[in-house]
Amino acid sequence: MKLEIEKTYNPKSFEDKWYGYWLENNLFAPKAGKKKETFTMVIPPPNVTSVLHMGHGLNNTIQDILARYKRMQGYETLWVPGTDHAGIATQNVVERELAKEGKKRTDFTREEFVDRVWVTAKRHQQSIISQLRKMGCSADWNYEAFTFDEKRSKAVKKVFIELYDKGLIYKSKYIVNWCPRCGTALADDEVNHENRSGKIWHIKYPIKELPGEFIVVATTRPETLFGDTAVAFNDTDERFAKYRGKHFILPFMNREIPAIFDSYVDPAFGTGAVKITPAHDPNDFEMGLRHNLEFINIMNGDATMNDLVPEKFRGMDRTECRKAVVAALDEMGLLVKIEDHQHAVGQCYRCNTIIEPRYSDQWFVKMKELAEPALKAVADGKIEFLPSRWVKVYNNWLNNIRDWCISRQLWWGHRIPVYTCKSCGKMVAAEDTPEKCSCGCTEMKQEDDVLDTWFSSWLWPFSTLGWPEKTNDLAKFYPTSTLVTAPDIIFFWVARMIMAGLYFMNDVPFSRVFFTGMVMDLQGRKMSKSLGNGINPFDVIDRHGADALRYTMVAIVSPNQNLKLGFPKEGDKESTDSFEIGAKFANKIWNASRYILMNLPENFVPGKIETLKKDTFDNWILGQLNKTVKNVIDALDNARFNDAAKEMQSFFWGSFCDYYVELSKTRMLSTDENVKNTVLSILIYVLKEFLKLLHPIMPFITEELYQNLPEHGLSIMVEDYPEYKENLDDADALRKAQKFFDILYLARNIRGEMNVPLEKKLDILVKTADNDVIELCAAYEKELLTLAKGASVKVGADIVKPQGAATGANEYCEVFLPLEGIIDVKTELERLNKELGKVNKDFEKTSAKLNNENFTAKAPAEVIEKEKEKLAEFQSHLEKLQRNIELLKNMQ
RNA sequence: GGGCGGUUAGCUCAGUUGGGAGAGCGUCUGCCUUACAAGCAGAAUGUCGUCAGUUCGAUCCUGGCACUGCCCACCA
Numbered sequence: 001m002k003l004e005i006e007k008t009y010n011p012k013s014f015e016d017k018w019y020g021y022w023l024e025n026n027l028f029a030p031k032a033g034k035k036k037e038t039f040t041m042v043i044p045p046p047n048v049t050s051v052l053h054m055g056h057g058l059n060n061t062i063q064d065i066l067a068r069y070k071r072m073q074g075y076e077t078l079w080v081p082g083t084d085h086a087g088i089a090t091q092n093v094v095e096r097e098l099a100k101e102g103k104k105r106t107d108f109t110r111e112e113f114v115d116r117v118w119v120t121a122k123r124h125q126q127s128i129i130s131q132l133r134k135m136g137c138s139a140d141w142n143y144e145a146f147t148f149d150e151k152r153s154k155a156v157k158k159v160f161i162e163l164y165d166k167g168l169i170y171k172s173k174y175i176v177n178w179c180p181r182c183g184t185a186l187a188d189d190e191v192n193h194e195n196r197s198g199k200i201w202h203i204k205y206p207i208k209e210l211p212g213e214f215i216v217v218a219t220t221r222p223e224t225l226f227g228d229t230a231v232a233f234n235d236t237d238e239r240f241a242k243y244r245g246k247h248f249i250l251p252f253m254n255r256e257i258p259a260i261f262d263s264y265v266d267p268a269f270g271t272g273a274v275k276i277t278p279a280h281d282p283n284d285f286e287m288g289l290r291h292n293l294e295f296i297n298i299m300n301g302d303a304t305m306n307d308l309v310p311e312k313f314r315g316m317d318r319t320e321c322r323k324a325v326v327a328a329l330d331e332m333g334l335l336v337k338i339e340d341h342q343h344a345v346g347q348c349y350r351c352n353t354i355i356e357p358r359y360s361d362q363w364f365v366k367m368k369e370l371a372e373p374a375l376k377a378v379a380d381g382k383i384e385f386l387p388s389r390w391v392k393v394y395n396n397w398l399n400n401i402r403d404w405c406i407s408r409q410l411w412w413g414h415r416i417p418v419y420t421c422k423s424c425g426k427m428v429a430a431e432d433t434p435e436k437c438s439c440g441c442t443e444m445k446q447e448d449d450v451l452d453t454w455f456s457s458w459l460w461p462f463s464t465l466g467w468p469e470k471t472n473d474l475a476k477f478y479p480t481s482t483l484v485t486a487p488d489i490i491f492f493w494v495a496r497m498i499m500a501g502l503y504f505m506n507d508v509p510f511s512r513v514f515f516t517g518m519v520m521d522l523q524g525r526k527m528s529k530s531l532g533n534g535i536n537p538f539d540v541i542d543r544h545g546a547d548a549l550r551y552t553m554v555a556i557v558s559p560n561q562n563l564k565l566g567f568p569k570e571g572d573k574e575s576t577d578s579f580e581i582g583a584k585f586a587n588k589i590w591n592a593s594r595y596i597l598m599n600l601p602e603n604f605v606p607g608k609i610e611t612l613k614k615d616t617f618d619n620w621i622l623g624q625l626n627k628t629v630k631n632v633i634d635a636l637d638n639a640r641f642n643d644a645a646k647e648m649q650s651f652f653w654g655s656f657c658d659y660y661v662e663l664s665k666t667r668m669l670s671t672d673e674n675v676k677n678t679v680l681s682i683l684i685y686v687l688k689e690f691l692k693l694l695h696p697i698m699p700f701i702t703e704e705l706y707q708n709l710p711e712h713g714l715s716i717m718v719e720d721y722p723e724y725k726e727n728l729d730d731a732d733a734l735r736k737a738q739k740f741f742d743i744l745y746l747a748r749n750i751r752g753e754m755n756v757p758l759e760k761k762l763d764i765l766v767k768t769a770d771n772d773v774i775e776l777c778a779a780y781e782k783e784l785l786t787l788a789k790g791a792s793v794k795v796g797a798d799i800v801k802p803q804g805a806a807t808g809a810n811e812y813c814e815v816f817l818p819l820e821g822i823i824d825v826k827t828e829l830e831r832l833n834k835e836l837g838k839v840n841k842d843f844e845k846t847s848a849k850l851n852n853e854n855f856t857a858k859a860p861a862e863v864i865e866k867e868k869e870k871l872a873e874f875q876s877h878l879e880k881l882q883r884n885i886e887l888l889k890n891m892q
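Each residue of the first sequence is one higher than the one before, counting from 1 in our numbering.
Treat the hints loosely; a few may be bogus.
Stated by the list, open to error - In silico DMTMM-like links for lysine to aspartate or glutamate, alpha-carbon gap of 25 Å or less: (1) Lys104 x Glu447; (2) Lys868 x Asp770; (3) Lys366 x Asp188; (4) Lys470 x Glu447; (5) Lys870 x Glu726; (6) Lys7 x Glu775; (7) Lys337 x Asp317; (8) Lys208 x Glu294; (9) Lys614 x Asp637.
Derived by calculation from the structure, the hints in this document are not laboratory data.
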């Protein structure tokens, strides 16, 4: 055969080529296969805020592995790709871009700004898509979707209108998490709480009814006092009972505010007296509702002080104002003391700005009704979580669910489809602007706010398949099969998709969720821009290829563990390159394949495996391959990707290359054409089966090599995935091959430990009564000589150890290598004694166990039997070592 | 404050019905044995966090403790 493959593994020379080939042949499109079932996944749509990071690398690799695996197994497979418009995040990116040009959002009209965001979004969308392709993702691009494209917008409107009309969406004044930098409300779970050290200020408020007396309140936020409308005490706190019905004079404002009594107040905390600011604190808000207090908003949207505060504080930022208020209080003699204090501060998950609770008009979805079926679906096993421990997290959230704030004061996103009549104020939800209101008025104004980005993502599993149209795709591919995602969006996305699926489709959106670990740096820190510890997957592809990237991540990943990765920056030679694992494996596969292809005669036609006259090693390698197939399938079916990767590597490298290929070198020199033909046929067969097995993990190199094999088809992608066949297991061959490798090991061990140079060929004497060994040494003399660098082989029960020979022994044989002149009796004795010590330890442990009456009386018979066998093996091994030690001692 | 993980070789981690401690990387020794030096052969290395319990027997099961990471949570 003409050798078409390059001498060195160079992924750049073929990866893009094969991706193009797959596209040209439309191999990613769903096709009916032999299984008659579908396998569907929807991609967790990456945000169009930037390029992909390592987390996407992992997540999409796993999805692609599943897609390719299921496709080869004959499932009609669809993987839907797409991207997310990511409301706040994308708007922020564009605002930062504008800031560099010295501009801000409000310099533009809403339409102009949105157009500008579209440009950025498209640009990122394009690069995300090309990156997914670079990684080898076999998603069907005909299905590509965007959470803000026309079809998805239609779905969003339809869902909003339905929920609105059923009363599940409502508008209300509420205290929400407000990001002053982004200028919008956030949902509860978009706020990160972080412990910070702060202060508690103790402040005196004069008591109106008791001139000259004060109440001391403790607060972490003195700047909010302008909005205070009460001072609260615990209703059982006798210290303050005397203030019932009394009033306090709010400093600066000279406003009279009442004393209220509420069980919420902890008498042991602070001074036991709490200033209540219902418009600037969620707890105070609740108390405000309970006690009918006034809600006074003292800040603007950007957290500067508004006109409701005294003039000297107006326009100040809240932190600046805090200092000014404290200083003024101090001057007025109202500041009692300042204490240090640790407390959790809410921050915007997008820009880390400290959240300002804000009393405002917002839209909400009632969640209780949606949550119950979602809890049930998981409890009933209609959806399986892997690892299952995430079920608890999911349940806990749904059991304590609060209404979902879905309005955002942004420009980029789905605008809320609610229209208000200018004359009668009636509101309607509609797909398009209604021509006129029921009152006859023709002026209808749409809401300014847009929807939370997750309000479009939660529909993803069915909106991508064409809903609300009744499409064939929907009928065929919904519900989808597996969702692969990171656990940090279990609430944002996973739980909500389950709720939406059950509500709008009457069925779960997927039957299995696989939660991957998070990608960390080698020190176990999250990869982040600010730490600069991120790894760009495309730098890895550039250096090692996509296959190496994919293999490495999968080999390292573990269902219960985050994965730690390191990759040196340009010019850095010290740091660990985790991806060498994959690069080395790819290189090994490349070279082994090259060796096999190099040895193929022109137009070689491999014989059929079933009809070949196979020897022990042929049957052994076929058995090992078969076992590997079984284990890999089992691992992939249970999302144990690391096991699958390791299984394949240990087979290919440890069994196939280290033994079968090495043995083949001798056998291929055989003068018997049948032997040579058989070896080549089996090499080709095993390689091809292995490439198919590996293809889901390393799609490019497997295709490249496959295309160079004799009798290859259109693509390895459309080959059948290997299947386990019980009749290929061959216990006899396994036992014999293992014995041959044992002898080989004993001989190599001596040479290695004695540092015998390669060119020095030694006689190999094998003393044994074992028939397998005797037979093997005769049949594979040449192989043994080649692999153990021997000059001759003698085998039998009556072999006598020559003077000055080194010894190796196991439970059924002794190997002697004559090393006259090289061997030193003392070192040889030390070596054997060390070995003896090890075996003796095992022997004594086992023997003690068998001498323990409790053990023999209570342990199962088969365990006792196994221990007895072990004991016999140890004993036999021991005796051989002892005998040889005696012989050596006599020489001294 | 609640919940969930982790603790095994220098490093990163496997170890699923409790019965002779593993891999990869790194280290040491010897080899450019013509597929592969991104390689080959050989070697060294572990009170399996700690204390107790269950058991004939615990890295594995139960409980306590220590350290560590993450998630949730309105204590001013």
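Against the structure, the hints:
| no. | hint | verdict |
| --- | --- | --- |
| 1 | Lys104 x Glu447 | holds, 23 Å |
| 2 | Lys868 x Asp770 | holds, 20 Å |
| 3 | Lys366 x Asp188 | holds, 14 Å |
| 4 | Lys470 x Glu447 | violated, 30 Å |
| 5 | Lys870 x Glu726 | violated, 28 Å |
| 6 | Lys7 x Glu775 | violated, 39 Å |
| 7 | Lys337 x Asp317 | holds, 24 Å |
| 8 | Lys208 x Glu294 | holds, 19 Å |
| 9 | Lys614 x Asp637 | violated, 32 Å |
Violated hints, listed in ascending order, are 4, 5, 6, 9; each of the other numbered hints is respected by the structure.
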